[in-house]
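Asks: Chain by chain, the residues run as shown.
Protein chains: 2
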Amino acid sequence: MTVKTSPSGKGIPEAVQLKRRNPVPSDIEVAQAAEIKPISAIAEALGLLPEEIEFYGPTKAKVKLEVLDRLKDVPDGKYVDVTAITPTPLGEGKTTTTVGLSQALGAHLGKSVITCIRQPSQGPTFGIKGGAAGGGYSQVIPMEDFNLHLTGDIHAITAANNLLAAAIDVRMLHESTQTDEQLFDRLCPKDKQGKRHFSINMYPRLKKLGIDKTDPEELTEEERGRFARLDIDPNSITWRRGIDTSDRMLRSITIGEGPKEKGNSRKTGFDITVASEVMAILALTTSLQDMRERFGRIVIGVSRNGEPVTADDLGAAGAMTVLMKDAIKPTLMQTLEGTPVFVHAGPFANIAHGNSSILADLIGLKLADYVVTESGFGADMGMEKFFDIKCRYSGRIPNVVVLVATVRALKMHGGGPAVVAGKPLDKEYTEENLELLRAGIENMLHHIKTARKFGIPVVVAVNQFFTDTEAELELVRKAAVEEGGAEAAVVCKHWELGGEGAIDLAKAVVEAAEKPSHFQFLYDLNLSIKEKIEIIAREVYGADGVDYLPEAEARIEDYTRLGFDKLPICMAKTHLSLSHDPSLKGVPKGYRIPIRDIRASVGAGFIYPLLGAMSTMPGLPTRPAFYDVDIDMETGRVVGLF
Amino acid sequence: MTVKTSPSGKGIPEAVQLKRRNPVPSDIEVAQAAEIKPISAIAEALGLLPEEIEFYGPTKAKVKLEVLDRLKDVPDGKYVDVTAITPTPLGEGKTTTTVGLSQALGAHLGKSVITCIRQPSQGPTFGIKGGAAGGGYSQVIPMEDFNLHLTGDIHAITAANNLLAAAIDVRMLHESTQTDEQLFDRLCPKDKQGKRHFSINMYPRLKKLGIDKTDPEELTEEERGRFARLDIDPNSITWRRGIDTSDRMLRSITIGEGPKEKGNSRKTGFDITVASEVMAILALTTSLQDMRERFGRIVIGVSRNGEPVTADDLGAAGAMTVLMKDAIKPTLMQTLEGTPVFVHAGPFANIAHGNSSILADLIGLKLADYVVTESGFGADMGMEKFFDIKCRYSGRIPNVVVLVATVRALKMHGGGPAVVAGKPLDKEYTEENLELLRAGIENMLHHIKTARKFGIPVVVAVNQFFTDTEAELELVRKAAVEEGGAEAAVVCKHWELGGEGAIDLAKAVVEAAEKPSHFQFLYDLNLSIKEKIEIIAREVYGADGVDYLPEAEARIEDYTRLGFDKLPICMAKTHLSLSHDPSLKGVPKGYRIPIRDIRASVGAGFIYPLLGAMSTMPGLPTRPAFYDVDIDMETGRVVGLF
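Here the protein sequences come in this chain order: L and W.
Residues in the first sequence are numbered consecutively from 150, following my numbering.
Residues in the second sequence are numbered consecutively from 150, following my numbering.
So here's chain L without its partners, still in its complex pose (with noise of 0.2 Å):
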């Protein structure tokens, strides 16, 4: 195979010819209408070694991660961050317009691009909110396997997500019938020599109790009895269990109810999986020894005299890596034009940073000219996160943020009427309303000021939709450019016309891409927890201060105490408002944020204050998606999935 190359020597794959139907049919129906390359001609064209990849079917394949050793002095592309104003319930198309700048990059100026998007759960693709591999002409194929199982990577955070709290509930069952002595004699049983062991898991909790004897004999018994009993206040407990499944009846739940484990009954839930931690630290980690740690580091509440328990301390954080060691290799896709494409990670962005992996970015950035990846939700949420939380742990600079904006979303932010899901859009939305729009507009100008004061470039895409008129656009457009300070303002149509649509785009963050960037985090670490939440609650939020309820003024407290309090802070928050109430549209004005509560994610790295009550269990409508979804029997192929 003759490979095209940049002139920095990366790989272009070779282009798919879009056979375009007009009007565009439904986004499966364009997913499997289209030509799909095997990805062994895409990896070979990215210069992947036969040994680095391993394919899962002919159209998806895993990664290693030791293609980072090999490329270690390859200079990075440039990085781009796709991300978008503060949106309607209905999206603005970001994944959308992600791919399409894309395609438009690799497939019409013949760029070296990768795109790095989040996997999506499958819970919301059987319920309301369907697929999420894009949609129209600027889609990841086979849309299938994106929206199902893909490669496993979820299914295995589930896995290691359910070790860990099975682990933590068996052992208060057994440390409630169990003396020290016994526990110790359990967790250290005498081998056929009668001999103790220490299992490998039990080194790090040695550790921490300052105990460094190897033979479990010299242990003395006031260190038998630290050593063996966690002593887990069942209260404290916030490690739930997870499950890939749309399912409300599972978010609380009364567990160890049957005849043996009854004294040991107690409330907890099931979070979709999404919203695990562990799916945080995989988007977060940048290798296997530091997942390792991280795991290690996880903490699922305290002992009865207020010391944190950890993952480590649970002998689980061993078993949890083996279960993610393939998870944690990103997968390589493409896009309906060819371009090449990794999902990785896809953590909830609001109680998480949303934002796919950084081993998929540090992969893209070393195969490719240019990487995209979106991270999740307006700019105020997942934008900042990307900045303060994943750049801070990759090391890596972006060089343009790609702001998504449409006019029905600024029209709602002008004072158009709510819109909402499922039902038909009113006419302010379908008719030309120059004067909502103008008021609205004054959402995207805080997103583009917000991110130039992290010193990077903005271009603004504005994804046009066949209602926009092209007064409203220009509107548009201008004020991007000439108020806001954006670099440029492109309209696009790659949703009609895929790659096509969004040349102008492309071109536009080349452009903006050679600009020289000043890159700032928005916060010290060093600052105290209130310190940094003041920080983005004024500078990216617009608010005029912070509150704190009781609880979140003791976790803080707590936090500090156990010294948790210099990690990054990751806001969960509405994203349908700058604000913390999601009616507030625009620009908000004169209003406090009020901080309910907070809670750390000390393995992925970060502390997370609650503005509201963040669901982390969807559920399901009266008519579900799954309704139409099925096999057909002639053909073999999946129907009624969006």
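All clues stand as given, with none of them false.
Which copy? The list can't say, so a pair holds if one copy fits it or any two copies do.
Taking lysine-lysine pairs in the BS3-like style, the calculated list, with each CA pair at most 25 Å apart, reads: (1) Lys-339 <-> Lys-572; (2) Lys-656 <-> Lys-627; (3) Lys-168 <-> Lys-656; (4) Lys-186 <-> Lys-213; (5) Lys-474 <-> Lys-186; (6) Lys-572 <-> Lys-344; (7) Lys-409 <-> Lys-572.
Hints were generated in silico from the structure; no laboratory data involved.
Owing to the predicted nature of the structure, the values given are computational and were not obtained by experimental measurement.
Dock chain W against the given chain L, drawing on the hints supplied.
Replies: The following block gives chain W in isolation, referenced to the frame of chain L:
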């Protein structure tokens, strides 16, 4: 590549030479030291076409069912079932013998052979039992992949099982707050053009209700109500949630205790995924279409007026099929000596039928001259179900039964002290004791007799342990042939020597496979439920009769009324005794079988009477196996799996 073929034209992959060490290292050390062939080479040698296989990394591949169409005119190979006498709690090496026999056939006798075994649950792997890939020099590799996620089939089962569970509870929740008309309106909402549609998964319910209209508007009010309201009786629900973790605190739980679900809370629980009906369906299905239909037939409970409610009534069976569309393809792996292995399905052997998939066997029989498949537990359980359930649905008849016996287990049956996992063996087991052995041989003779009732020749494999004496082995061998009427009885050492240690066994199997078999089922499906149970109890277990508790009587009436009485019977019984009482060893006499309750797996296609309390969710000990499991950061290898 030049491919070796058998006289019948079937492929024989090149054997791998074992590099044995003595003493035999740990299973994981043996497995990791092994030379492993690319699975592509094995697939090619088997004559599989590139478009028929999907790689999952370099050592695993799924095989598409289309191969069955291509090879439909190829004659089936010989079909060998490996079973065992009533085992000790330590197991008697049935999987190891299955693998060792295959290695002997393929790598030493040059036969074309495929091994078919079950995928193990991850729960026990991290709990007490450890892995299930065989042992010593008779293993399936890579054992880490085999024992962990493999190709994701069990995760897909969890997803399909739990989608249905969520669908049940959310439907009851929505029905509790909506009128018939509201339900109908939400199930068939108007589209943008004001038209209502049935979705694809609504047609099975419409058909069941005798409604053949395709336009929802044409339904009468009465039809709308019948269609839209399932009116599930919450107390009748037998469908439980699934998880592939040993988590005993989930055995019995209360769900729906959140503020928004409170009125609908109820008691239920989780089973380990492999105990689910979805797993049993995967193991018994014969095609994608058949699987779709079986899912549709699953009965989750009854309505308040006593009618069965199915997965098709809930509209979930199509999506379940989509979730399982890759899991239906068997996974190809290899033994330590490079012979091919299908790993596919692993239903519980007590409440389900405990056999690997029909599809793997069907494909194997087309690709090889010998298929060696294993059935779970002892011959009274796994083998009886293999014949009366699996063979009935597959239409295939085995040629040979291999009955694995050990001197240890036979001594236990002869009155030796209890054998307990984790405790050293008593001297009765480590020193020669012909008297105990002679007494215990009755158990083996009983199982040989059972197999012969089905009309199939029996070869006894005496799995030698290093403490067995010549006199002991000879006593077993002689009794098997002379008293039991086995075709042959062979001492084998495949754990220590790999295939070389099972050459004589392999020769005996080849010879027995040429004998005529006169297969017959044990019972006719048209007999009543009670008649079928009686036949199994008397003929296979040696009981004097059967007694039914009132719950069981009531269920038998229900199932007969509903027409489920023509299904085969899957006895849920301990495997540690021929009887229902695990403490009765040898060949218990003069006892009656008590039937506590009866359940139906209508989708899988069997009725299962409960002969005691069957645990469907294992627990974890104080020191679970996961304590030893970690990744060696120097080598990247998994340590501590066994």
